[in-house]
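Undergrad: Each chain, written out:
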Amino acid sequence: MNRRTFLRAAGALAGIAAFSCEDRREARRIEGALGGLSHVDLKWGKAPCRYCGTGCGVEVGVHGGKVVAVRGDAASPVNRGLLCVKGYHLPAMLYGKDRLLHPMRRNPDGKGFARISWDEALDLIAARFGETLKAHGPEAVAIYGSGQWTVFDGYAALKWFKGGLRSNQIEANARLCMASAVMGFMTQFQSDEPMGCYEDLEAGDDFVLWGNNMAEMHPVLFSRILERKRTSPGSRIVDIATRHTPTSDHADLYVEIRPGTDLALANGILHLLVSEGRVDEGFVKENVVFRRGIEDLERIGYGAAGAQAERYAFQDAARDSSLDDLKAFLADYAPARASAITGVPEAQIRALADLYGDPKRGTVSLWCMGVNQHVRGTWMNNLITDLHLLTGKISRPGNNPFSLTGQPSACGTVREVGTLANRLPADGVVTSKEHRSKVEAVWGLPEGTIPEKPGHHTVDMFRALARGEIRAMWIQVTNPMVSLPNLSRFERKPGDGRFIVVSDIYPTPTTDIADVILPSAAWVEREGVFGNTERRTQQWDKLVEPPGEAREDALQIIQVAKRMGLGHLFPWPEDAFHEPLFEEYRKLTLGTGKDLASYEDLRRTRGMLWPVVDGKETRYRYAAGHDPYVKKPKGVHFYKAKGYGEKAAVWLRPYHPPAESPDAEYPFWLSTGRVLEHWHTGSMTRRVKELHQAVPAAYVEVNRADALELGIRTGDLVRVETRRGSLELRAQVDGRGKTPKGSLFVAFFDEKRLVNRLTLDAMDSISKEPDYKKCAARVRKA
Amino acid sequence: MRRSVNRALLAALAAALEACSGGGAEEGPPAARSPATVRAARRAFDGAPPVIPHAPFGMACSSCHGASGVQVEGVGYAPPSPHEATAGLGASARCLQCHVFRETAAVFVASAFEGLRQDLRRGRRLNPLAPPVIPHQTLLRENCAACHTGPAAREEIRCTHPERVRCTQCHVAVQASEEFLR
Numbered sequence: 003m004n005r006r007t008f009l010r011a012a013g014a015l016a017g018i019a020a021f022s023c024e025d026r027r028e029a030r031r032i033e034g035a036l037g038g039l040s041h042v043d044l045k046w047g048k049a050p051c052r053y054c055g056t057g058c059g060v061e062v063g064v065h066g067g068k069v070v071a072v073r074g075d076a077a078s079p080v081n082r083g084l085l086c087v088k089g090y091h092l093p094a095m096l097y098g099k100d101r102l103l104h105p106m107r108r109n110p111d112g113k114g115f116a117r118i119s120w121d122e123a124l125d126l127i128a129a130r131f132g133e134t135l136k137a138h139g140p141e142a143v144a145i146y147g148s149g150q151w152t153v154f155d156g157y158a159a160l161k162w163f164k165g166g167l168r169s170n171q172i173e174a175n176a177r178l179c180m181a182s183a184v185m186g187f188m189t190q191f192q193s194d195e196p197m198g199c200y201e202d203l204e205a206g207d208d209f210v211l212w213g214n215n216m217a218e219m220h221p222v223l224f225s226r227i228l229e230r231k232r233t234s235p236g237s238r239i240v241d242i243a244t245r246h247t248p249t250s251d252h253a254d255l256y257v258e259i260r261p262g263t264d265l266a267l268a269n270g271i272l273h274l275l276v277s278e279g280r281v282d283e284g285f286v287k288e289n290v291v292f293r294r295g296i297e298d299l300e301r302i303g304y305g306a307a308g309a310q311a312e313r314y315a316f317q318d319a320a321r322d323s324s325l326d327d328l329k330a331f332l333a334d335y336a337p338a339r340a341s342a343i344t345g346v347p348e349a350q351i352r353a354l355a356d357l358y359g360d361p362k363r364g365t366v367s368l369w370c371m372g373v374n375q376h377v378r379g380t381w382m383n384n385l386i387t388d389l390h391l392l393t394g395k396i397s398r399p400g401n402n403p404f405s406l407t408g409q410p411s412a413c414g415t416v417r418e419v420g421t422l423a424n425r426l427p428a429d430g431v432v433t434s435k436e437h438r439s440k441v442e443a444v445w446g447l448p449e450g451t452i453p454e455k456p457g458h459h460t461v462d463m464f465r466a467l468a469r470g471e472i473r474a475m476w477i478q479v480t481n482p483m484v485s486l487p488n489l490s491r492f493e494r495k496p497g498d499g500r501f502i503v504v505s506d507i508y509p510t511p512t513t514d515i516a517d518v519i520l521p522s523a524a525w526v527e528r529e530g531v532f533g534n535t536e537r538r539t540q541q542w543d544k545l546v547e548p549p550g551e552a553r554e555d556a557l558q559i560i561q562v563a564k565r566m567g568l569g570h571l572f573p574w575p576e577d578a579f580h581e582p583l584f585e586e587y588r589k590l591t592l593g594t595g596k597d598l599a600s601y602e603d604l605r606r607t608r609g610m611l612w613p614v615v616d617g618k619e620t621r622y623r624y625a626a627g628h629d630p631y632v633k634k635p636k637g638v639h640f641y642k643a644k645g646y647g648e649k650a651a652v653w654l655r656p657y658h659p660p661a662e663s664p665d666a667e668y669p670f671w672l673s674t675g676r677v678l679e680h681w682h683t684g685s686m687t688r689r690v691k692e693l694h695q696a697v698p699a700a701y702v703e704v705n706r707a708d709a710l711e712l713g714i715r716t717g718d719l720v721r722v723e724t725r726r727g728s729l730e731l732r733a734q735v736d737g738r739g740k741t742p743k744g745s746l747f748v749a750f751f752d753e754k755r756l757v758n759r760l761t762l763d764a765m766d767s768i769s770k771e772p773d774y775k776k777c778a779a780r781v782r783k784a
Numbered sequence: 225m226r227r228s229v230n231r232a233l234l235a236a237l238a239a240a241l242e243a244c245s246g247g248g249a250e251e252g253p254p255a256a257r258s259p260a261t262v263r264a265a266r267r268a269f270d271g272a273p274p275v276i277p278h279a280p281f282g283m284a285c286s287s288c289h290g291a292s293g294v295q296v297e298g299v300g301y302a303p304p305s306p307h308e309a310t311a312g313l314g315a316s317a318r319c320l321q322c323h324v325f326r327e328t329a330a331v332f333v334a335s336a337f338e339g340l341r342q343d344l345r346r347g348r349r350l351n352p353l354a355p356p357v358i359p360h361q362t363l364l365r366e367n368c369a370a371c372h373t374g375p376a377a378r379e380e381i382r383c384t385h386p387e388r389v390r391c392t393q394c395h396v397a398v399q400a401s402e403e404f405l406r
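Here the protein sequences come in this chain order: W and S. Residues in the first sequence are numbered from 3 upward in steps of one, following my numbering. Residues in the second sequence are numbered from 225 upward in steps of one, following my numbering.
Calculated from the structure, these hints are not laboratory results. Backbone N, C-alpha and C fix where the C-beta goes; we use that ideal spot for every residue, glycine too. Certain hints may be false.
Computed beta-carbon distance windows for the label pairs [to be verified]:
1. W/Arg715 x S/Gly300: 46 to 56 Å
2. W/Gly236 x S/Phe281: 29 to 39 Å
3. S/Thr328 x W/Pro361: 50 to 60 Å
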């Protein structure tokens, strides 16, 4: 008996249960089962939450090799101890009874799967990828990951593909969610990711939410804003939305806007700022250049119809512009016209201009999928940032355009490591010889190894898979058979000659189409690094063993690479590769302004905001006194934008209508999104009892007036149809979300009710991110 | 006025509560359920926010779970919220951020999850006259009075001296099981 068990036994004796008789019996049962545990008996480790891009810190309570509790990490500067209902129920996410435990291979008759060994699985993958590469070239193989890849997974995948297989066919589902924000920041600052941090939420006065239901999608950040409002009653929330949500309940100004017309609203605000002399001319002169791109609707298209429906490769081209040019351009967006397009009253447009134009008030713009999943998403990102650049409300505490992310490492892995067809680490692109050479040098590979031509962007990658040009694909940590738009395009047929590997932790509609299924280790079952929305890199250690034979995704890739004769890419011991791999990756970031913290510092802290120079993090990028790369004594310096003379670019971007709008045949708008309780495609949260029981199935939100007209009541089974498909759902009238007349909303988490069979695969012209938010539909009682 | 809740409304609440508790949310007949079992059935693990054990009433949560709670005759007591607005976080502004209703008793896939259970041992005292330590975690449970005073407080944990409002002056929360060793 050691001291600890002695103390526990003594406690049990002395602590004669304090409650009722039944409680005393219950206490004895619990003592029997769990040895009379209390929170102090658990081993607690730190980790970021597994779900959204906020990156809340959690403490993970481990006992007997299992996660038995979590608590909000009060030491985390992100959430200060608070979580949302998903975060509080994290432990149960690991223990669904259908966890994938062993590698499996599809049976020769195509029906069902049989267990195979890891060696068999890895040999098979290496052989099939090798054969495909040899017979059909590097464009015929692909790897598709996600913003849930840890930095290790993403870096291993990138190095294996771009450095080993010499293929740029690597994509991640962040293309479906953050690509427009990436292209927004790239076109304006020539460097990705926001300049501000979450402290903006306490420093700002006005919070303008552009198409963003923060109360459900970034609940803990919304709590910070609500607390700002509570403690500083003058601060305001403006909710610009196409649907009244729990966020709108807390808004001081609710601006209901017609779908897709946010471009006209932003231009309407810009019109007022420019025409009423509210531009900060000193700031603009010192820090801003003006650019225009291709604006011709016919030339750009939407990527969804005609020849574009197979391959969409529009390229924007920049030309110089000026403040005078902007003034002339904005003549089209006088309040009356902006109001006519958007349906927003002129008074609200003026109120927004007053808010952005008031130099005494701190203004933070926040956005996520409403702006990014948009056929002109890059443009909309540009226009929001234009509002801040023209008023000088940028790179200052409480004044920033702040793009939010929906996945835990969309920033840390996909955007920073660069696991996209066109990108390399730390803002590199494959089209630049300089960037390729730098990466090749660090990887110890000969010049010219990394191909110059970008691979397919995500939607085109799956179109190429459907066409048969891509023959071998590995999908990790994501569920495209639920999340791709216009899903029925990508269905597999038996004997189609493709070879698809899927690594996941549970069976999903994507493992259903696999030839080989690999069981992955999840979250704290392995060591990891995520990077959140505010540039915070967060590390965690492995806290429990993965179940069965599950292995982490990075190791799966490394083991296949070794079988293909590419072991030199991963010269580290398999049980201790994390730190040296991270330090190699970190070399690519040092000196770029995107410098990551050392692994040692990450272990020690609750994450650090890059750039980290001399062990110090940066809360405000480009800001004198904050960012070590800024040499000016005060003000801002957009030092990454070498192509603009180290200034930021204001882009002139017109209004274009959505790809598909309601008409006589399909008179409703259909929008899709998430609910608070479920994360992404629900493969994790639906296995948590409390979350599933709260929202067991997807439903369609119908406006009350429409419902009356159609004889639909809450709970009725209705049929929603678009030109692409049809779906039966229960109707909900005036639930937590209230759609305006003529508008429907369906959440996409439910694999049994796949709203992505209905959505349109139109996409942003520049980022190639699909627009899940707008298509034409009809609804009737089933 | 605040106390005189409409009788008809109370009856409706009572009916709704009863209907809900019969819905399988808490298993077993009432007689067989100890308060600790009922408490555990509402939580994934000790420390997780409880699910809401009644159907939505279409009212603000604070109507019943406000500063002092509300006694619903024949049903029970709607306890006040134990959350104090914590520095930097409007923890109490969006109840549904952490507490969810149950729409169904079914599960999507069965789970093997076994969470930490409530530690039912009494907080230790140095001697019978010394103040007991707080045996549970206190983050987001800052308002001791919510559970330890008033009609919501079970007898066993009811505070004998609610007029002394600075609880943590004498009661400290246990943070570690190890003893101090130099």
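Undergrad: All hints, please: hold or fail.
TA: Hint-by-hint comparison with the structure:
W/Arg715 and S/Gly300 have their C-beta atoms about 32 Å apart, which leaves the hinted 46 to 56 Å range violated. The given range of 29 to 39 Å is respected by W/Gly236 and S/Phe281, whose C-beta atoms sit roughly 33 Å from each other. Separation of S/Thr328 from W/Pro361 is about 53 Å and conforms to the stated range, judged on CB atoms against 50 to 60 Å.
The earlier numbered hint that this structure contradicts is number 1, and it is the only one.
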